[in-house]
Amino acid sequence: MPSADTPAAARPLLRIQGLHKRFGATEILKGVDLDVHRGEVVSIIGSSGSGKTTLLRCVNLLEEFEGGEVVLDGEAVGYRRSGDKRIRLKDRELARQRAMTGMVFQSFNLFPHLSAAGNVMLGLRKVRGMGRAEARAVAERWLGRVGLAERADHAPSQLSGGQQQRVAIARALAMEPKLVLLDEITSALDPELVGEVLATVKALAVEGATLLLVTHEMRFARDVSNTVVFMEKGLVAEQGPPKAVFGAPKHPRLVEFLRGTRDR
Amino acid sequence: MGYTLNFAVVWTNLPRLLGGLLLGLELAVASLAIGTLIGVAGGFLSVGPSRAGRLLASFYVAVVRNTPILVIVLMLYFALPDLGVRLDKEPSFVTALSLYAGAYLTEVFRAGLVSVPPGLSEAGKAIGLTRLGIAVHVVGPVMLRNVLPALGSTFISLFKDTSIAAAIAVPELTFQARRINVESFRVVEAWTVASALYIATCFAIAAALRGLERRFPKF
Numbered sequence: 058m059p060s061a062d063t064p065a066a067a068r069p070l071l072r073i074q075g076l077h078k079r080f081g082a083t084e085i086l087k088g089v090d091l092d093v094h095r096g097e098v099v100s101i102i103g104s105s106g107s108g109k110t111t112l113l114r115c116v117n118l119l120e121e122f123e124g125g126e127v128v129l130d131g132e133a134v135g136y137r138r139s140g141d142k143r144i145r146l147k148d149r150e151l152a153r154q155r156a157m158t159g160m161v162f163q164s165f166n167l168f169p170h171l172s173a174a175g176n177v178m179l180g181l182r183k184v185r186g187m188g189r190a191e192a193r194a195v196a197e198r199w200l201g202r203v204g205l206a207e208r209a210d211h212a213p214s215q216l217s218g219g220q221q222q223r224v225a226i227a228r229a230l231a232m233e234p235k236l237v238l239l240d241e242i243t244s245a246l247d248p249e250l251v252g253e254v255l256a257t258v259k260a261l262a263v264e265g266a267t268l269l270l271v272t273h274e275m276r277f278a279r280d281v282s283n284t285v286v287f288m289e290k291g292l293v294a295e296q297g298p299p300k301a302v303f304g305a306p307k308h309p310r311l312v313e314f315l316r317g318t319r320d321r
Numbered sequence: 002m003g004y005t006l007n008f009a010v011v012w013t014n015l016p017r018l019l020g021g022l023l024l025g026l027e028l029a030v031a032s033l034a035i036g037t038l039i040g041v042a043g044g045f046l047s048v049g050p051s052r053a054g055r056l057l058a059s060f061y062v063a064v065v066r067n068t069p070i071l072v073i074v075l076m077l078y079f080a081l082p083d084l085g086v087r088l089d090k091e092p093s094f095v096t097a098l099s100l101y102a103g104a105y106l107t108e109v110f111r112a113g114l115v116s117v118p119p120g121l122s123e124a125g126k127a128i129g130l131t132r133l134g135i136a137v138h139v140v141g142p143v144m145l146r147n148v149l150p151a152l153g154s155t156f157i158s159l160f161k162d163t164s165i166a167a168a169i170a171v172p173e174l175t176f177q178a179r180r181i182n183v184e185s186f187r188v189v190e191a192w193t194v195a196s197a198l199y200i201a202t203c204f205a206i207a208a209a210l211r212g213l214e215r216r217f218p219k220f
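As they're listed, the protein sequences go chains V and F.
The first sequence lines up with residues 58 to 321 when you count with the working numbering.
The second sequence lines up with residues 2 to 220 when you count with the working numbering.
You may find that some hints are simply not true.
Stated by the list, open to error - Cβ-Cβ distance ranges computed for the label pairs, FRET-style:
#	chain 1	residue 1	chain 2	residue 2	range
1	V	Lys87	F	Ser116	33 to 39 Å
2	V	Gly218	F	Ser116	19 to 25 Å
3	V	Glu150	F	Pro218	37 to 43 Å
4	F	Arg55	V	Asp90	36 to 42 Å
5	F	Arg216	V	Gln74	49 to 55 Å
6	F	Arg55	V	Glu207	45 to 51 Å
7	F	Pro218	V	Gly218	16 to 22 Å
8	V	Lys235	F	Asn67	52 to 58 Å
9	F	Pro82	V	Asp210	52 to 58 Å
10	F	Leu133	V	Lys87	31 to 37 Å
11	F	Phe204	V	Ala194	44 to 50 Å
Claimed, not checked - Sample of chain V residues at the chain F side, in silico, Cβ under 10 Å:
#	residue
12	Arg114
13	Arg149
14	Val161
15	Phe162
16	Asn166
17	His170
18	Leu171
19	Asn176
20	Leu181
21	Lys183
22	Arg185
23	Ser214
24	Ala225
25	Met232
26	Leu238
None of these hints come from the bench; they were simulated from the model.
By construction, the Cβ of each residue, glycine as well, lies at the ideal position given by its N, Cα and C atoms.
With the hints as extra help, turn the sequences into a complete structure.
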């Protein structure tokens, strides 16, 4: 348990401990433990239904969870303790904690009534409290970094899938989150658009952003990650540097899983 | 048929008819504005997390939609004073029509809210917006665009429903037509011109709405 006197640099930025999550009778997460350190890129792989996406959604408080803890930069998120009871935090507190992380979704989820720049500006204005001109400048800077400076005033419907996803990345990053969550961000894209999005993420990784991502792109996971986590049936079955996980997998299900995805 | 058409009386009374038409439009606009506020609140309540809120919204919709508009109008104007609330004719009618519009618009906005993809709320949450912030800046605007056509046809209905105000002697178009009818016995002429004015106005509103929809293209 991180305490106040642990130096910030030594403790993990994100510590997930014993995370349990169920949907009705189905237990999706069965006690997940995972640490992410500052500047680290952690990729979660695994077959569908293994709980990868649910894990990300718990970290960003889009899902409630029944047991365990998610500690972000020393702060337990989502719940507070009162005696032995866990109490879900109030909306305002949840919103504040969510703003510490950024999230990019599989289906982009751009706000359709706002331009590309408007999408990036909304959080800056309404959450960070920036004025219009300042928010616009920040938005243009970020759209420039994802290669869309000249598309700032386009509506989402006028952009390709890859461009929409890059706007979504700019929207998340402009908030300067401590941790960025990327949930299968290339799964909804045409194959020829995957490259531009992955290149954008790679650039962020090189610049030192802390990323926790769920992906089906094995080559990308190998190239970009410090740590690869294999999830199986709601648990972390194996984790390690990409060389070890891809080169010398130990868990029999991981061996099988990698055989099934070898051509990717 | 021994009836000879003679529009002379109607033409001399045209200013009265047009004044009535304008009053009807004013009543419709006021009712649409208040009804929209009620409808947005009702719509959010009916898809919201509070069970009491959902029940309240569905109770309101059920009661109002199953009461004829004429009964609501008469009740507010004639029954409320006995309960100590006395409103003038126009405010009383606007209250009645707003309540009526609010019930239909609650359903319109509820459907509009359901049609907003849940991913948009999640994206709003992810950047740290509160529930209120998401409603105001994300879900609200998207929903409004989705329901614009339904909002337009509701406005046309409301404009036509203002004719019911004649029942409590609000001097709108129908009331004026009846007055010409009674004073001059030019029955066919009075009602023909009144109908033509209603139809022309509804067409004009519909055309304006189509322009509005073009100006805010669908996402």
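Going through the hints against the structure:
V:Lys87 and F:Ser116 have their C-beta atoms about 36 Å apart, which keeps the hinted 33 to 39 Å range intact. Taking 19 to 25 Å as the suggested C-beta distance range, the pair V:Gly218 and F:Ser116 conforms, at roughly 22 Å. About 38 Å separates the C-beta atoms of V:Glu150 and F:Pro218, a value consistent with the hinted range of 37 to 43 Å. Between F:Arg55 and V:Asp90 the CB atoms are about 39 Å apart, so this pair conforms to the stated range of 36 to 42 Å.
At about 53 Å, the beta-carbon gap between F:Arg216 and V:Gln74 stays in the expected band of 49 to 55 Å. A C-beta distance of roughly 46 Å is found between F:Arg55 and V:Glu207, which places it inside the suggested range of 45 to 51 Å. Separated by about 20 Å at the C-beta atoms, F:Pro218 and V:Gly218 satisfy the suggested range of 16 to 22 Å. Distance hint for V:Lys235 and F:Asn67: a CB-CB separation of about 54 Å, consistent with the stated range 52 to 58 Å.
The given range of 52 to 58 Å is respected by F:Pro82 and V:Asp210, whose C-beta atoms sit roughly 57 Å from each other. Roughly 36 Å separates the CB atoms of F:Leu133 and V:Lys87, a value that falls within the hinted 31 to 37 Å. Roughly 48 Å separates the CB atoms of F:Phe204 and V:Ala194, a value that falls within the hinted 44 to 50 Å. With a cut of 10 Å, the hint placing V:Arg114 at the interface with chain F holds, because the nearest CB-to-CB distance is about 8 Å.
Taken as an interface hint, V:Arg149 checks out: its beta carbon lies about 6 Å from the nearest beta carbon of chain F, inside 10 Å. For V:Val161, the interface hint holds, since its Cβ comes within 10 Å of a Cβ in chain F; the closest pair sits about 8 Å apart. Given hint, V:Phe162 at the interface with chain F, holds; its Cβ is 6 Å from that chain's nearest Cβ, closer than 10 Å. Interface restraint check: V:Asn166 against chain F, minimum CB-CB distance 4 Å, threshold 10 Å, status holds.
Among the interface hints, the one on V:His170 holds; its C-beta lies about 5 Å from the nearest C-beta in chain F, closer than the 10 Å criterion. The beta carbon of V:Leu171 is positioned within 10 Å of a beta carbon in chain F (closest approach about 8 Å), and the interface hint is therefore held. The interface hint given for V:Asn176 is met, as the beta carbon of that residue sits about 9 Å from the closest beta carbon of chain F, less than 10 Å. The beta carbon of V:Leu181 is positioned within 10 Å of a beta carbon in chain F (closest approach about 9 Å), and the interface hint is therefore held.
Of the supplied interface hints, the one on V:Lys183 holds, with its beta-carbon coming within about 6 Å of a beta-carbon of chain F, less than 10 Å. Hint status for V:Arg185 relative to chain F: holds, with the closest Cβ pair at about 8 Å, below 10 Å. For V:Ser214, the suggested interface contact is upheld, since its CB lies about 6 Å from the closest CB of chain F, less than 10 Å. Below 10 Å, beta-carbon pairs count as interface contacts, and V:Ala225 has one with chain F at about 8 Å; its hint therefore holds.
Annotation: V:Met232 was flagged as interfacial toward chain F, and the flag holds, the nearest CB pair being 6 Å apart, inside 10 Å. Hint status for V:Leu238 relative to chain F: holds, with the closest Cβ pair at about 8 Å, below 10 Å.
Violation of the numbered hints given earlier is absent; every hint is satisfied by the structure.
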